[in-house]
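Peer 1: Chains as they are written, first to last, in the working numbering: chain A, 1 to 443; chain B, 1 to 443.
Any given hint could be a false lead.
Said to hold, decoys possible - Straight-line alpha carbon distances no greater than 25 Å define the calculated DSS-like cross-link-like pairs of lysine-lysine that follow: (1) 379(A) - 379(B); (2) 3(A) - 435(B); (3) 46(B) - 427(A); (4) 379(A) - 3(B); (5) 431(B) - 379(B); (6) 409(A) - 25(A); (7) 3(A) - 46(B); (8) 83(B) - 435(A); (9) 46(A) - 3(B); (10) 150(A) - 233(A); (11) 435(A) - 431(B); (12) 431(A) - 46(B); (13) 431(A) - 83(B); (14) 431(A) - 83(A); (15) 431(B) - 46(A); (16) 3(A) - 439(B); (17) 379(B) - 3(A); (18) 418(B) - 379(A); (19) 341(A) - 83(B).
The set of hints was computed from the structure by calculation and includes no laboratory data. Treat the numbers as computed from the prediction; the structure is a model and nothing was measured.
Number of protein chains: 2
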Amino acid sequence: MAKSIVTMSRLGNIRNGAVVIENDKIIDVGKADEIKRKYPRYELIKALDCIIVPGLINTHTHIAMSLLRGYADDLPLHEWLEKWIWPLESKMTSRDIYIGALLASIEAVKMGTTTINSMYHYFPDYNEAKAISEVGLRGVISHVCFSWRKEHDFKQLDDLIKNWHGKNDWRIRAAISPHAPYTVDPKYMVELRNYADEVNKEAVHDYEKAIWHIHVAETREEAKIIEKNFNVKVDEGVVKYLYDLGVLKEDTVAAHCVWLTDKDIDALKRTNVKVAHNPISNLKLASGISPINKLINEKIVVSLGTDSACSNNLLDMFETMKIAALLQKGVTLDPTVIPAKKALEMATIEGAKALNWSSQIGSIEPGKKADLIIIELNKPHLKPFYNEFSHIVYAVRSLDVRDVIIDGKIIVENHQLKTVDEEWILKEAEKVKDKLIEKLSSD
Amino acid sequence: MAKSIVTMSRLGNIRNGAVVIENDKIIDVGKADEIKRKYPRYELIKALDCIIVPGLINTHTHIAMSLLRGYADDLPLHEWLEKWIWPLESKMTSRDIYIGALLASIEAVKMGTTTINSMYHYFPDYNEAKAISEVGLRGVISHVCFSWRKEHDFKQLDDLIKNWHGKNDWRIRAAISPHAPYTVDPKYMVELRNYADEVNKEAVHDYEKAIWHIHVAETREEAKIIEKNFNVKVDEGVVKYLYDLGVLKEDTVAAHCVWLTDKDIDALKRTNVKVAHNPISNLKLASGISPINKLINEKIVVSLGTDSACSNNLLDMFETMKIAALLQKGVTLDPTVIPAKKALEMATIEGAKALNWSSQIGSIEPGKKADLIIIELNKPHLKPFYNEFSHIVYAVRSLDVRDVIIDGKIIVENHQLKTVDEEWILKEAEKVKDKLIEKLSSD
């Protein structure tokens with residue numbers, strides 16, 4: 001029972017509405033008084049001055065990197081990576097990755113994110129999948145691949161697919177992640193495409209497919225770097241180069257897509273590749289501003305990501321929606337582009353489409369998984385109340401999320417985590433940081 | 001006692017520090033153990049896993065407009081103003097303005113803002129000054145002037161100056177606000193300059209001066225509109241036009257400054273006019289992006305504002321700092337511009353300079369007014385902790401502000417307002433909204 005159910009489906013917004021959940025699924029949605037008559041004996045979560053929204057979907061991040069949040073900022077890209085981020089990352093053990101992923105997962109879920117798509121180094125013993133599984137988050141976990149470690153990569157991918165793809169009744173899925181066109185040579189790129197096709201050949205439902213998750217066209221220099229590294233021609237654009245390799249398919253999530261040629265846009269469209277737009281990271285690293293308004297007009301699926309806490313420095317999807325909506329208005333000088341409803345679509349149903357998951361998540365309607373968040377409105381910054389979409393995108397703060405339900409299970413109740421020991425994770429994260437800094441200084 | 005005192009003064013950041021407050025003033029700042037020895041009998045506010053920061057200063061807003069938060073968004077500017085905002089505003093009584101200002105004040109203070117500079121219509125009975133006075137906020141309240149109501153304006157200004165300028169031991173000051181160069185004709189503009197000079201002629205301290213608060217160069221079309229409205233030449237820029245009128249002085253807060261010529265920048269510099277940068281509003285209304293990095297390089301004081309909740313839709317200065325820092329990086333393609341520390345300066349000490357108030361506020365140091373905020377760090381999104389500035393600008397959420405002290409008085413304690421009845425204000429705001437909508441529909 002809530003002031004409004006924002007379904008993001010053909011059901012629209014239902015004022016004084018209610019959602020009925022049985023096990024992991026939504027079985028009914030409607031006016032609260034009717035629902036109360038139809039289901040008199042169901043346990044009730046009161047949300048009178050609240051709105052209920054589908055859980056938010058973060059389609060590009062690197063969750064373990066939350067351990068490096070605020071370690072280095074405001075530096076030129078190469079100095080930042082080579083002198084700061086990579087040296088510290090090189091000290092991380094698989095357990096550190098697991099702790100970082102736990103930290104990020106509890107941050108994300110408390111801020112209303114129910115599904116993440118994370119690209120990072122996978123290890124069989126401790127990994128991001130274990131962390132999100134324990135927290136109760138839904139997500140796609142990858143192993144990130146580089147030309148310099150092909151043998152290692154295939155071993156990790158095999159383990160990831162075998163042990164995690166489909167785990168927890170498909171709450172957890174796997175991704176094959178070529179890092180980027182400038183770190184994965186063309187031959188290896190094709191091998192990773194074939195690997196995914198092999199995994200996906202017997203998939204029946206959309207969500208049974210592994211995702212092919214890659215960074216694309218993030219910086220202006222990328223095409224030149226690929227040309228230099230692999231002695232190839234990338235004169236028509238980075239996406240077009242991948243298209244010509246034949247590696248782009250509808251299972252592909254292309255993160256960033258900042259610097260695109262018209263041929264790139266055409267290639268995205270032809271292949272039904274999904275874009276993960278990361279406006280905060282793209283600004284913070286001074287990569288540029290992706291022309292998402294153009295992509296949306298071309299009917300390309302554009303979803304939203306936070307990127308890692310190193311370049312954001314949060315996994316806050318409310319902030320991401322707002323900045324995505326504002327930025328396109330500012331650069332196009334048109335206040336009507338990316339209206340609030342569109343921004344919320346990008347963070348919900350379009351995010352679900354991006355992960356080939358829209359048969360199960362992304363909206364509140366009967367038959368879908370019960371992934372939803374309850375937002376409190378009884379706050380000065382959310383008064384008065386006129387319009388759901390405006391409030392959710394332009395005024396709600398991520399910390400206004402009161403309850404989070406994933407797969408029908410209450411993960412956050414009145415701002416408190418129900419699944420893992422938050423205090424322990426916070427302490428452990430500080431300890432790991434201290435240990436990493438010590439290791440670095442003793443080098 | 002806190003993990004770190006971020007003083008924004010020559011004292012730097014003091015890890016394991018403490019601040020000593022007596023009445024309305026800071027009397028000492030230092031290491032917590034020394035402070036405890038020196039002042040054994042003082043009452044202690046525990047803030048062990050917290051950082052203490054100067055209260056944030058919002059140098060451009062229209063607080064009463066919080067009543068219209070989310071009423072209309074994503075529309076072309078003129079349709080938005082003429083069909084939506086102005087018709088609803090025309091129904092507002094002075095008491096409605098007071099309720100809106102109360103709502104905005106409690107929103108702002110709970111999010112860590114301790115000083116505001118608000119431009120709105122003043123009425124003697126109910127007004128924004130009464131609201132901020134009751135909440136305990138520090139601020140500058142104006143009456144906004146238009147050519148079409150000169151006589152009314154001077155009456156209101158006289159009342160405002162007489163009753164509020166210097167009130168509450170100078171916690172409240174007044175501003176003369178010509179609305180904008182396209183709504184105030186050149187003759188009236190000069191009269192309003194002379195009016196301010198008359199008010200300010202006997203001021204001894206910086207904060208005894210009334211502020212001259214004006215919108216300048218917000219949209220690309222502004223110069224042309226001024227030329228059309230007043231049959232004048234504005235071919236060298238809007239600021240230069242005001243400079244040639246002789247109305248710009250160091251008491252001037254120029255809000256927006258998005259579209260500037262080199263001559264405009266030179267005029268800002270010569271006159272020591274202070275800029276109030278409103279990045280969120282400028283994006284949302286698609287006005288454009290102010291070249292603040294250039295202004296800062298020219299040593300012009302650039303402070304931060306939220307603008308009203310109609311075009312933002314919040315008064316969240318944490319969000320404003322982050323977007324100000326990110327946006328300049330994204331448009332200059334240089335990740336080193338507006339580093340985190342600079343963004344926090346803009347929201348604290350530069351904000352104080354913008355309001356001619358830096359002798360009393362904007363930093364934590366002995367002798368200054370005790371305006372400070374305590375931020376909790378014991379949250380997933382603020383772990384681990386490396387760097388104060390990075391956390392404050394890129395990771396802290398406005399709702400992480402636990403306590404707010406203004407003029408030595410605790411206004412917010414553990415997220416609870418101590419000065420006014422929050423529940424009553426929230427209900428009243430909804431009632432006023434319902435009444436306004438009803439008035440409109442019965443037109």
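Peer 1: State for each hint whether it applies.
Peer 2: Taking the hints in turn, this is what the structure says about them:
no., hint, verdict
1, 379(A) - 379(B), "holds, 20 Å"
2, 3(A) - 435(B), "holds, 20 Å"
3, 46(B) - 427(A), "holds, 20 Å"
4, 379(A) - 3(B), "violated, 29 Å"
5, 431(B) - 379(B), "violated, 36 Å"
6, 409(A) - 25(A), "holds, 10 Å"
7, 3(A) - 46(B), "violated, 38 Å"
8, 83(B) - 435(A), "violated, 60 Å"
9, 46(A) - 3(B), "violated, 38 Å"
10, 150(A) - 233(A), "holds, 23 Å"
11, 435(A) - 431(B), "violated, 55 Å"
12, 431(A) - 46(B), "holds, 23 Å"
13, 431(A) - 83(B), "violated, 57 Å"
14, 431(A) - 83(A), "holds, 22 Å"
15, 431(B) - 46(A), "holds, 23 Å"
16, 3(A) - 439(B), "holds, 24 Å"
17, 379(B) - 3(A), "violated, 29 Å"
18, 418(B) - 379(A), "holds, 16 Å"
19, 341(A) - 83(B), "holds, 21 Å"
Violated hints, listed in ascending order, are 4, 5, 7, 8, 9, 11, 13 and 17; each of the other numbered hints is respected by the structure.
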